[in-house]
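**Student:** Heads up: the protein sequence lines correspond to chains A and B, in order. Just so we're aligned: 1351 in this note's numbering is position 73 of the first sequence, and the numbers increase by one with no gaps anywhere. Just so we're aligned: 562 in this note's numbering is position 540 of the second sequence, and the numbers increase by one with no gaps anywhere.
Hints should not be assumed to be uniformly reliable.
[Unchecked claim] In silico DSSO-like links for lysine-lysine, alpha-carbon gap of 27 angstroms or less: (1) A:K1521 to B:K395; (2) A:K1490 to B:K395; (3) B:K552 to A:K1310; (4) B:K552 to A:K1521.
[What the hints assert, rightly or not] Which chain B residues face chain A? A few, computed with CB under 8 angstroms, are given here: (5) P37; (6) T529; (7) S594.
If you're looking for bench data, these hints aren't it; they were derived computationally from the structure. Each residue gets a CB set at the ideal place from its N, CA and C atoms; glycine is no exception.
Take a look at the letters that make up each chain.
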Amino acid sequence: MKFRPEELKELIRDAAEGEKFPLAKLITELEKPNSFEFRKLLFDTLEKSDFSGNSSLTVGLTGTPGAGKSSLLGEFSTEFLKRFPEKKMAVVAVDPSSHISGGSFLGDRTRLSLPTREKRIYFRSQPSQLELGGVNPYTYHVIRLLRCFFDFVFVETVGIGQNEIEVSKLADLSFLVMVPLGGDQIQFMKSGIMEVPDAFILNKCDEEALAKASYHTLTHTLEFLRDLSPGGSVPPVFMTSVKTKRGISDLLEYIVSEKPGDKREEETLLQIRKWVKNEYGNFGTRILSEIRFPKNANYETCETLAETEIGKRFKDGSAIRTE
Amino acid sequence: MEKKDHILYDKSGNPSKEPAWIFRTYAGHTNAKESNELFRKNLSKGQTGLSIAFDLPTQCGYSSDHSIARPEIGKVGVPINTLEDFRILFDQIPIEEMNTSMTINGTSMWLLSLYVALAEERGEDVSKLQGTTQNDIIKEYLARGTYIFPPEHSIRVIVDMYEYCLKKIPKWNPSNICSYHLQEAGATPVQELAFALATAMAILDAIKERNCFTHEEFEQCVGRISFFVNAGIRFIEEMCKMRSFTEMWDEITAKQYDVKSEKFRRFRYGVQVNSLGLTEEQPENNAWRILIEALGVTLSKDARCRALQLPAWNEALSLPRPWDQQWSLRLQQVLAYETDLLEYPDLFEGSKVVESKVKELIENANKEIQKIKEMGGAIRAIDNGYMKSQLVKSQAERLAKINNNELVIVGKNKWKEGIPSPLTNDPDGGIFKVDPKSAEQTLKVLAEVKAKRDPKRAAESLARLEEDAKNGKNLMYASIECAKALVSTGEWADVLRKVFGEYRPATGVEGQKLNLETEKVAIVRSKVEKFLKDTGARPKIVVGKPGLDGHSNGAEMIAVSAKHAGFDVIYSGIRLTPEDIVQSAVEENANVIGVSILSGSHIELAEQIFQELKHYKAEIPVVFGGIIPASDFETLKKIGVKAIFTPKDYDLMDVMEKIIDILSKAPVAA
Chain A
1279 MKFRPEELKE LIRDAAEGEK FPLAKLITEL EKPNSFEFRK LLFDTLEKSD
1329 FSGNSSLTVG LTGTPGAGKS SLLGEFSTEF LKRFPEKKMA VVAVDPSSHI
1379 SGGSFLGDRT RLSLPTREKR IYFRSQPSQL ELGGVNPYTY HVIRLLRCFF
1429 DFVFVETVGI GQNEIEVSKL ADLSFLVMVP LGGDQIQFMK SGIMEVPDAF
1479 ILNKCDEEAL AKASYHTLTH TLEFLRDLSP GGSVPPVFMT SVKTKRGISD
1529 LLEYIVSEKP GDKREEETLL QIRKWVKNEY GNFGTRILSE IRFPKNANYE
1579 TCETLAETEI GKRFKDGSAI RTE
Chain B
23 MEKKDHILYD KSGNPSKEPA WIFRTYAGHT NAKESNELFR KNLSKGQTGL
73 SIAFDLPTQC GYSSDHSIAR PEIGKVGVPI NTLEDFRILF DQIPIEEMNT
123 SMTINGTSMW LLSLYVALAE ERGEDVSKLQ GTTQNDIIKE YLARGTYIFP
173 PEHSIRVIVD MYEYCLKKIP KWNPSNICSY HLQEAGATPV QELAFALATA
223 MAILDAIKER NCFTHEEFEQ CVGRISFFVN AGIRFIEEMC KMRSFTEMWD
273 EITAKQYDVK SEKFRRFRYG VQVNSLGLTE EQPENNAWRI LIEALGVTLS
323 KDARCRALQL PAWNEALSLP RPWDQQWSLR LQQVLAYETD LLEYPDLFEG
373 SKVVESKVKE LIENANKEIQ KIKEMGGAIR AIDNGYMKSQ LVKSQAERLA
423 KINNNELVIV GKNKWKEGIP SPLTNDPDGG IFKVDPKSAE QTLKVLAEVK
473 AKRDPKRAAE SLARLEEDAK NGKNLMYASI ECAKALVSTG EWADVLRKVF
523 GEYRPATGVE GQKLNLETEK VAIVRSKVEK FLKDTGARPK IVVGKPGLDG
573 HSNGAEMIAV SAKHAGFDVI YSGIRLTPED IVQSAVEENA NVIGVSILSG
623 SHIELAEQIF QELKHYKAEI PVVFGGIIPA SDFETLKKIG VKAIFTPKDY
673 DLMDVMEKII DILSKAPVAA
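Chain A extracted, bound-state conformation (with noise of 0.2 angstroms):
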């Protein structure tokens, strides 16, 4: 542990105020290994200042690279600290890792043109730590922390297939991005990702035919796909182009008039299964399922109890027996 609590505090105040040093600091704590100890410390922290971060909206973007979201997430940043000036808003965008040396280029931030000093807006780069985009081990605690600080939190991962899932689970609302060409609708159909956004977005609509050929083309599929899951609604779809500037206004103003979902708690439970597995295997996955959080605890209180349980299991050999 780095901090004392009075410096954590101070960090925290400062990083509530929009400075952008400390926040980043904190962030970097979190991105470590075994992090624990400074993750309930900071967290127990926030709660006891009224920093729950309960208002705030987490938003998920996803696609195929080239598919254009950080221009996207540029433009529409422009446009949002223009028009909301008392609101705030945070990036994470994941990045793939190099599996040879573990390095990583973190390349978003070169189609993003921020305003420097700004304090009503944050981006950070992370490495995934996966091979194809996806969701790494502490994403999910740097994104608690940014809710406690900003009314919305975008996180833009890039990939296509199953780790999407992931970001849409952290996500209260999540778009897949896509740009016009009809050979992606085919593949995502095959993949199945089709049925888990919320939202479309059909970027790079600069062509007006080839827009709406698409644009036609994906509410026919997503029609389809609603008439094979009955009580469905056909999500949105917003056709937007950084370069026309056109349709960053309709998605702004979707995704402003969002309301957070009351899924924290299901959330929190997800993320401490995923750890669990991680850490225990299936052994503890069984366990796990036998426990009974007190309501609306905060993640390091699940992942002491889950830990006790686990060890306790394990001591007295159990589990052993079970098997």
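With chain A held as given, fit chain B onto it using these hints.
**Tutor:** Positioned in the frame of chain A, the structure of chain B alone reads:
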């Protein structure tokens, strides 16, 4: 009288000598007044054309009084704001007799408009003006960085210039097709051929799409295309490349564009030989390199250059002095006038070796061109990042070979011990330094012009420019009117930025791998892993290019190397402010900032970076790299820079090791 194969005959059958190519010196810096004096001196020394370099604010569309311009005024070229600066620059120079080459791209239209306005003001016959505006915007996205607008709008501006020149200045070359800068960014001969010709086709396609030329006029446009080519040390291959260009261009223009006139199909090119291969170590060797490179574009009569521009021997150290430029000019004069080079027909006609090499280059270049065509052409291949990533890949491969000693660079990775060069023993250290007061002269002239001009006329001309831009009109006419109204460079560019937007291309580093697995790599990686173990996080480096310089090679190689070593790398490309770079580092809580500067503005930019770090109360170590003279090291260290790397620090893993060592010593900020 029987003709001999080794004698060059003229049309009358008499033995003759071919005229010498045009000698150029890339000149112009400090301010308009001092550049004018330099031009007049060079003309009196026998130079036969003007080749003008403009400073970065001028190239990137900023007036000298803009805050981003301040550190860069007059550093790598002459600052030009208004017509008044052109009056000063060309004072006592008869522009109607000159062949003037302007190295200008994003703001080409503006500089040509100033030139036309000056000629009209002097009462000259504008139709007699001769010269070239470089105006190859496509290579700016790939290798040099002085673009402003998105590709489609930039191309529109270029076609406007072709249309205007065809009607008003028939002898002016509105644009070059530049492969020079591609080679400086790592292009292989095949890539140089393919990318340059794909660019030329993109321009011709755009001209055709304008659909305002008769076919005869279109053929004249084709005839106006000239190329600006590079030539490296492999001078036989380079000569073959020139012959390949000649053959391919003739075929492209004949078959694809139906150009019937043989005259208009001729491949016309000027050249500046390679600077990338010049070394900071034993810089006197560069004089021989330059001579050998010159042979590549002069030996073959059928592929000889029309104009030649040689870098100075000390360009890897800093800006060349007038004396250094004179030395390069003398080389050309000796070659053209003292030797018998110009007395022969083509030396390589009928050579099986040359024919075979040329054939191979053409085959490979055509394959590459086909690939680009399948993507939809050069503009599409830029937007999707293909061409840029290919250049970064070639440069990474070249540097890996140098590091592995597969590619010998005398004095750099072999025969490194030697007697220190007396050429750098002058009090100025063998380099040119811009007098800081010279920028004041520029700012003073600009302030006077703005105070004295007719503000109504200036505002009206800018309003017309905006209107014409929105309505798709030819912008040359409004631009010339702006010039006469004493509008400034930044004012002109800002209007067009407003209408067209500003462009941020792909960096080309994503997905790159470095083929370098030496013992040193393993050592550096183990140090990185130790850092990871000690601190719990991978070392994170922000690689930044502050200011207006767009030469991104060095930054890209550091970014690729850092990733290879195990760093997490944040690299956002060119055209960043120090504030942008520091903000990235602060938000990402980077462990180090690596700054790349080649424009001579390192001291000013260092001060700005540390001022910004102070604002955030962030103590992140900063290292510098680029063209930085040793005499400035002490000053930079005092400002706070931890390490300084120059072209002699070519061993990429050596650089990474020094950086990780700095991080390992520093108390790790949490």
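**Student:** Using 8 angstroms as the Cβ threshold, decide whether B:T529 counts as touching chain A.
**Tutor:** holds (5 angstroms)
**Student:** Given the hint that B:K552 pairs with A:K1521, test it: the Cα-Cα distance must not exceed 27 angstroms.
**Tutor:** violated (45 angstroms)
**Student:** Taking 27 angstroms as the top limit, are the C-alpha atoms of B:K552 and A:K1310 close enough?
**Tutor:** holds (14 angstroms)
**Student:** Interface hint check: B:P37, Cβ to nearest Cβ on chain A, cutoff 8 angstroms. Holds or violated?
**Tutor:** violated (60 angstroms)
**Student:** Has the given pair, A:K1490 with B:K395, been kept, meaning a C-alpha gap of at most 27 angstroms?
**Tutor:** Judged against 27 angstroms, a Cα distance of about 26 angstroms means the pair holds.
**Student:** How about B:S594: closest beta carbon in chain A under 8 angstroms, or not?
**Tutor:** Constraint on B:S594 satisfied, holds at 4 angstroms.
**Student:** Need the status of pair A:K1521, B:K395: alpha-carbon distance at most 27 angstroms?
**Tutor:** Holds: A:K1521 and B:K395 sit about 24 angstroms apart, inside 27 angstroms.
Hint compliance for this structure: hints 4 and 5 are not met, and every other hint is.
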